[in-house]
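**Student:** Sequence:
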Amino acid sequence: MRPPPLPLGITEDSGGHLTYLWGAAEALAARRDVTEVELVTRLFDAPDLGDDYSLTLQPCGDKLRIRRIDSGNRRYLSKEAAVADRPAFIAALLADLDARDIRPDLVHAHFADAAEVAIAIRDRFGIPFIYTAHSLGIDKADHLADGDDLASRIAFEDRAIASADAIIASSRDEAERQLMRYPSADAAKVHRVPPGAGLQPTHDADPARARALVAPFLRDPSKPVILAIARPVHKKNLAHLVDLYGASPALRAAANLVIVAGLRDGPDSGEAEQRAVIGQLLHGLDSHDLYGSLALPKRHEQSDIASFYALARDTGGIFVNPAATEPYGLTLVEAALHGVPVVATANGGAADIVAELGHGVSIDPADGDAFTAAMIGLLDDRDRWETALRTGRARVRRHSWDRYAEDFMAIAETVTTVPQAVQRPRDLLLSDIDGTLTGCRDGARRLQAALDRDPRRMFGIATGRSLQEAQRILGEWGYRAPDVMVTSVGSEIYWRKGGRLERDDGFATELARDWQPGAIRAALAGLDGLRPQGAVEQRRFKISYFAEAEAARRIERRLAEAGLAARVIHSHGNLLDILPANGGKAAAMRWVAARLSLPLSAVFAAGDSGNDRDMLDACPRAILVGNHCPTLADLAERSNVHRSQSPHAGGVLEALHAFARADAARLLAA
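Everything in the sequence shown is counted per UniProt numbering, starting at 1 for the first residue and increasing by one.
Certain hints may be false.
What the hints assert, rightly or not - Here are the in silico distance ranges between beta carbons for each label pair: (1) His572 with Ala276: 46 to 54 Å; (2) His572 with Ala30: 37 to 45 Å; (3) Ala562 with Asp142: 29 to 37 Å; (4) Arg390 with Thr416: 37 to 45 Å; (5) Gly518 with Thr56: 50 to 58 Å; (6) Asp101 with Ala30: 21 to 29 Å; (7) Ala88 with Asp220: 31 to 39 Å; (8) Arg453 with Ala366: 39 to 47 Å; (9) Pro532 with Asp101: 52 to 60 Å; (10) Met409 with Phe125: 52 to 60 Å; (11) Thr416 with Glu476: 18 to 26 Å; (12) Arg445 with Asn73: 54 to 62 Å; (13) Ala272 with Glu301: 19 to 27 Å; (14) Met409 with Ala562: 47 to 55 Å.
Claimed, not checked - Using 30 Å as the maximum straight-line C-alpha spacing, the simulated DSSO-like pairs for lysine-lysine come out as follows: (15) Lys63 with Lys79; (16) Lys298 with Lys63; (17) Lys79 with Lys140.
Simulated from the structure, these hints should not be mistaken for lab results. All residues carry an ideal CB built from backbone N, CA and C; glycine is no exception.
Put together the whole structure using the sequences plus the hints.
**Tutor:** Following this line, the structure appears as structure tokens:
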């Protein structure tokens with residue numbers, strides 16, 4: 001780590017995480033509610049890498065600085081080699097902190113080895129820490145068969161996950177699938193906070209500069225460019241991309257291939273893995289006879305990265321990420337910023353980015369034919385290419401370091417604030433999100449204002465969404481953090497305690513009784529009209545499919561015939577969820593009311609779709625908003641249901657006023 005220009009690619013450990021760290025630190029230091037940001041790393045002497053790394057303290061502005069800790073070993077060490085040096089580093093850092101008059105309020109640990117350091121700091125000084133994994137070993141173990149023993153790394157990551165006060169994930173896949181595979185994972189601690197886009201603004205891009213860097217390699221530099229930018233490490237799969245390109249005459253005819261893989265002085269420079277990958281690329285160049293169509297520039301400046309994107313865009317090319325697995329993929333966000341359509345790996349968080357930004361397609365690179373076809377298809381279809389460019393540029397504005405810093409500080413507040421006693425509620429509003437709380441900005445503002453005026457009314461949500469997605473949507477619509485969150489169609493409950501969320505393990509224990517997910521999946525295997533939803537939608541107590549209403553009835557019969565107890569919930573036309581028999585929104589509502597010592601008559605339940613049916617049916621004060629699905633029309637005739645004329649949040653507020661008037665009238669009559 002050093003101030004920009006960042007040393008990207010000078011070693012196998014100098015990748016996109018440096019961009020992340022600097023972008024986050026700079027944005028945090030710019031905030032008025034932050035006094036100081038300090039990046040702490042290891043001091044070493046390596047003149048060939050630069051003089052910065054032997055500086056103990058390096059100011060980087062009024063409120064940002066880099067502090068380097070001398071562990072007693074001043075040699076540069078790779079990430080793996082630094083493990084043995086960690087105890088000495090921890091001891092030196094603890095001594096440094098012990099000597100300070102003012103210590104930090106919060107530690108942010110990047111990677112599991114830094115989490116070990118953060119644990120030691122918290123044990124000594126009581127300073128809480130947030131953990132960002134960046135790249136998880138448990139997924140790497142699935143996708144790479146390179147003989148690496150990742151068991152120790154996975155154990156360290158699990159310790160970090162268990163110990164952290166909060167965890168930041170960049171993508172939905174990382175937050176809801178990758179992290180949840182660890183034994184110590186707790187969704188209540190996980191927050192999805194996408195990083196900002198790249199550091200180089202688009203106006204600094206100079207395609208002529210990039211063209212000059214690749215011109216010596218290319219026979220026809222006017223052809224579209226297939227661009228890949230990645231560290232030269234095996235998991236980035238760059239050699240596979242060369243093989244796909246070399247094996248496809250159509251792809252070679254359509255475009256040049258430009259791979260920016262770090263910095264090198266020659267094929268024998270750098271560390272072992274770096275040398276091995278560069279060797280594979282040079283072998284592919286020779287074996288496929290790609291002279292004149294494959295560019296492998298040896299040197300570039302950090303500022304040149306924006307120029308490479310501009311070259312790909314101006315030639316009508318694409319950006320490609322062929323990684324075996326990609327935890328996030330910051331380069332895909334940068335590509336959208338610079339207006340470059342993408343073809344990316346479907347493994348990991350990259351697929352989330354492509355789906356969110358809409359600037360390309362994600363494909364499993366292991367399916368070489370499909371990956372090649374995707375590249376050719378995007379290059380050849382200019383309408384698709386133009387749409388991807390425009391869509392990515394429009395949507396990428398959501399990805400900024402300022403927004404990251406704002407979200408980070410909200411999390412920081414939850415882990416540094418002492419919990420306050422919670423006033424016992426008079427009643428509870430438990431509402432669905434999509435279509436009920438969302439859909440009308442004015443209604444959302446009026447409902448939130450009404451909740452703010454009534455501190456004895458507890459606010460909760462009951463949604464089919466995951467915890468992280470529910471938090472994201474509520475934040476986008478301006479709602480305050482709910483006091484209780486029933487998520488994943490009533491299969492999980494989380495309570496807010498002093499700003500932090502806590503998982504309701506008692507409810508989970510109840511659901512675990514007689515729950516046989518393996519047997520359920522086996523019983524439904526091969527059933528027509530049933531397609532599993534993505535891995536990110538599956539939960540411990542929820543199995544999710546795409547299916548029509550008729551398939552739902554067949555599933556119920558099949559499970560009954562197999563003697564398997566389960567609840568089948570169909571909603572929104574094609575979404576089907578299977579839960580434990582004692583799960584669902586109604587069961588969760590009863591559990592929450594009992595925990596609060598509230599009678600059901602003190603609960604208001606609001607909804608609009610099929611997965612709200614059991615909750616609305618069971619609640620004495622149910623609210624059916626005006627925009628409800630036709631499948632719930634029969635509920636409007638129930639005596640316990642108020643059918644609002646107004647849609648969305650306005651309908652919830654209308655019903656709350658109506659119930660209040662009815663209560664007042666009863667009191668007057670009495």
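**Student:** Provide an ascending list of the numbers of those earlier hints which the structure does not satisfy.
**Tutor:** Those not satisfied are hints 7, 8, 10, 16.
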